[in-house]
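*Asks:* The primary structure of each chain is shown beneath.
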Amino acid sequence: MADERQTRRMHEALDDQLAPEELDALYQGLDSDRHDASLFERLRTVDRMLREAPYENAPQTLALRVLAKIAEIKPEQLRRGAGLAIALGLGLVALLLLPLFAALGWLIIQVLSNPAAAVSAVISILGSIAGVILAAVQSVQTALLSSPLIPAALLGAIPAGLLLLRRLRGNRLDRERRERLGAPPKEEE
Amino acid sequence: MDAQETQGAGAQQDPVILDWVQAAINGDQDAFAELVYTYQDAVYNLCYRMLSDHVEAEDAAQEAFLRAYLNLRRYDPGRSFKTWVLSIASNHCIDRLRRRRMQYVSIDDPLPSLTLSTNEPEPEDVTIFHEQSRRIQGLLSELAPDYRAAIILRYWYDYSYLEIADILDTTESAIKSRLFRARQMIADKLGDEAAEAVLSHSRLTQGA
Chain A
1 MADERQTRRM HEALDDQLAP EELDALYQGL DSDRHDASLF ERLRTVDRML
51 REAPYENAPQ TLALRVLAKI AEIKPEQLRR GAGLAIALGL GLVALLLLPL
101 FAALGWLIIQ VLSNPAAAVS AVISILGSIA GVILAAVQSV QTALLSSPLI
151 PAALLGAIPA GLLLLRRLRG NRLDRERRER LGAPPKEEE
Chain B
1 MDAQETQGAG AQQDPVILDW VQAAINGDQD AFAELVYTYQ DAVYNLCYRM
51 LSDHVEAEDA AQEAFLRAYL NLRRYDPGRS FKTWVLSIAS NHCIDRLRRR
101 RMQYVSIDDP LPSLTLSTNE PEPEDVTIFH EQSRRIQGLL SELAPDYRAA
151 IILRYWYDYS YLEIADILDT TESAIKSRLF RARQMIADKL GDEAAEAVLS
201 HSRLTQGA
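If you're matching them up, the sequences are chains A and B in order.
Per our numbering, the first sequence starts with residue 1, numbered consecutively.
Per our numbering, the second sequence starts with residue 1, numbered consecutively.
Simulated from the structure, these hints should not be mistaken for lab results.
None of the values given here were measured: they were computed from a predicted structure.
There could be a bad hint or two in this list.
What the hints assert, rightly or not - Interface residues of chain B toward chain A, partial, derived using beta-carbon atoms under 8 Å: (1) 31; (2) 32; (3) 36; (4) 41; (5) 44; (6) 66; (7) 69; (8) 151; (9) 180; (10) 183; (11) 186.
To be verified - Restraint ranges, calculated between C-beta atoms of paired labels, are given here: (12) 52/A <-> 15/B: 32 to 42 Å; (13) 18/B <-> 97/A: 30 to 40 Å; (14) 130/A <-> 79/B: 51 to 61 Å; (15) 20/A <-> 25/B: 42 to 52 Å.
Built from N, CA and C at the ideal position, the CB exists for glycine as well.
Please model the entire structure based on the sequences and the hints provided.
*Replies:* Quick look at the structure:
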């Protein structure tokens with residue numbers, strides 16, 4: 001019976017992936033095992049059959065059909081896709097950067113006008129944020145201690161959340177792959 | 001397999017092809033027509049081998065070219081145009097097969113008649129061509145779409161493991177595994193007696 005390594009070697013030999021010494025080792029193994037030799041012969045037949053397979057030429061109507069369809073497409077349709085994607089991308093970046101730039105501008109003005117006041121304002125803002133986080137943590141702690149069901153439900157939500165994230169990531173990767181290959185979004189069945 | 005030889009994989013990208021692509025991006029439909037005429041056999045053969053139906057293969061090939069045309073701006077000139085358009089076609093065919101929910105075709109089922117090239121072959125050659133094409137198509141139809149695509153790209157287009165992985169957007173080891181399993185499955189389906197018959201037939205036709 002052919003082991004996995006020997007079978008792998010047979011396939012690699014058919015794909016011209018084996019070094020001469022590995023090929024010799026394979027043939028030596030086949031000489032001493034009739035079952036392996038029979039398997040290799042069958043694989044070689046399949047390989048040969050596929051190599052000799054005929055090539056189907058396109059019917060003459062194909063090119064005409066494609067060209068007729070393309071003639072119906074307006075040039076604006078070709079440009080629209082790329083233009084819209086760039087505009088959306090730039091809009092999204094601007095939207096994300098706007099609050100950051102506003103905060104930075106405010107900080108620069110404050111520092112230029114009154115450095116001491118600016119530093120104290122930043123410290124005060126950070127203190128407020130820390131206070132809000134602390135209050136939120138305390139309220140969560142209180143809620144968790146009030147009922148044992150809440151921690152159990154949260155614990156159960158972790159695997160569900162992980163599954164959801166994995167699925168979302170899979171969908172995103174699939175969409176990216178389709179976009180890269182020029183395929184349309186997957187249709188829901 | 002003339003078309004296979006003249007359109008083999010791994011060749012440097014022809015500057016004429018790049019000029020046609022650039023012209024097509026700029027709206028020259030005649031340039032895209034040249035691309036269609038150059039690659040129609042390659043795309044159609046892939047679609048036919050994947051779908052086992054001439055009418056559906058023509059529809060799929062048309063769709064692949066349309067998608068290529070609409071997405072020409074996304075084409076990377078560093079990559080072979082043929083590889084790019086074949087990757088669009090193979091992914092489209094895989095989607096079609098998945099939608100069909102894997103309707104397996106028996107090896108014994110008759111397949112639709114073949115469309116032959118304009119060169120009028122001898123009747124005996126036609127019979128051999130039909131028989132061989134039918135047998136291979138029957139065996140291919142038994143494979144899962146991903147396996148089928150790997151086998152077709154390997155044998156009809158002579159792509160390397162790496163090139164097939166690029167086309168099907170997966171890893172080289174996954175392609176090796178698919179190819180090995182697919183070949184094994186075909187060998188198992190074929191059986192010893194059928195394999196011997198194929199081999200004898202092949203020897204006879206080569207000796208003739």
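*Asks:* Against this structure, judge whether each hint is valid.
*Replies:* Right, here's what the structure says about each hint:
At about 11 Å, the closest approach between the beta carbon of residue 31/B and any beta carbon in chain A exceeds 8 Å, and the interface hint on this residue is violated. The beta carbon of residue 32/B comes within 6 Å of a beta carbon in chain A, closer than 8 Å, and the hint placing it at the interface holds. Given hint, residue 36/B at the interface with chain A, holds; its Cβ is 5 Å from that chain's nearest Cβ, closer than 8 Å. The interface hint given for residue 41/B is met, as the beta carbon of that residue sits about 5 Å from the closest beta carbon of chain A, less than 8 Å.
Taking 8 Å as the C-beta cut-off, the interface hint given for residue 44/B holds, the closest approach to chain A being about 4 Å. About 6 Å separates the beta-carbon of residue 66/B from the nearest beta-carbon of chain A, less than 8 Å, and the hint is met. Interface restraint check for residue 69/B: the shortest CB-CB distance to chain A comes to about 6 Å, inside 8 Å, so the restraint holds. The criterion of a C-beta within 8 Å of any C-beta in chain A is met by residue 151/B, whose closest approach is roughly 7 Å, and the hint holds.
Taking 8 Å as the C-beta contact cut-off toward chain A, the hint placing residue 180/B at the interface holds, the least distance being around 4 Å. Using the Cβ-Cβ criterion of 8 Å, the hint placing residue 183/B at the interface with chain A is satisfied: the shortest such distance is roughly 6 Å. Interface hint status for residue 186/B: upheld, as the beta-carbon distance to the closest one in chain A is roughly 5 Å, under 8 Å. Between residue 52/A and residue 15/B, the C-beta spacing of about 34 Å keeps the proposed range 32 to 42 Å intact.
Checked against the given bound of 30 to 40 Å, the beta carbons of residue 18/B and residue 97/A, roughly 37 Å apart, stay inside it. A hinted range of 51 to 61 Å for the beta carbons of residue 130/A and residue 79/B is consistent with their spacing of about 52 Å. Residue 20/A and residue 25/B have their C-beta atoms about 48 Å apart, which keeps the hinted 42 to 52 Å range intact.
When each numbered hint is compared with the structure, a violation occurs for hint 1 only.
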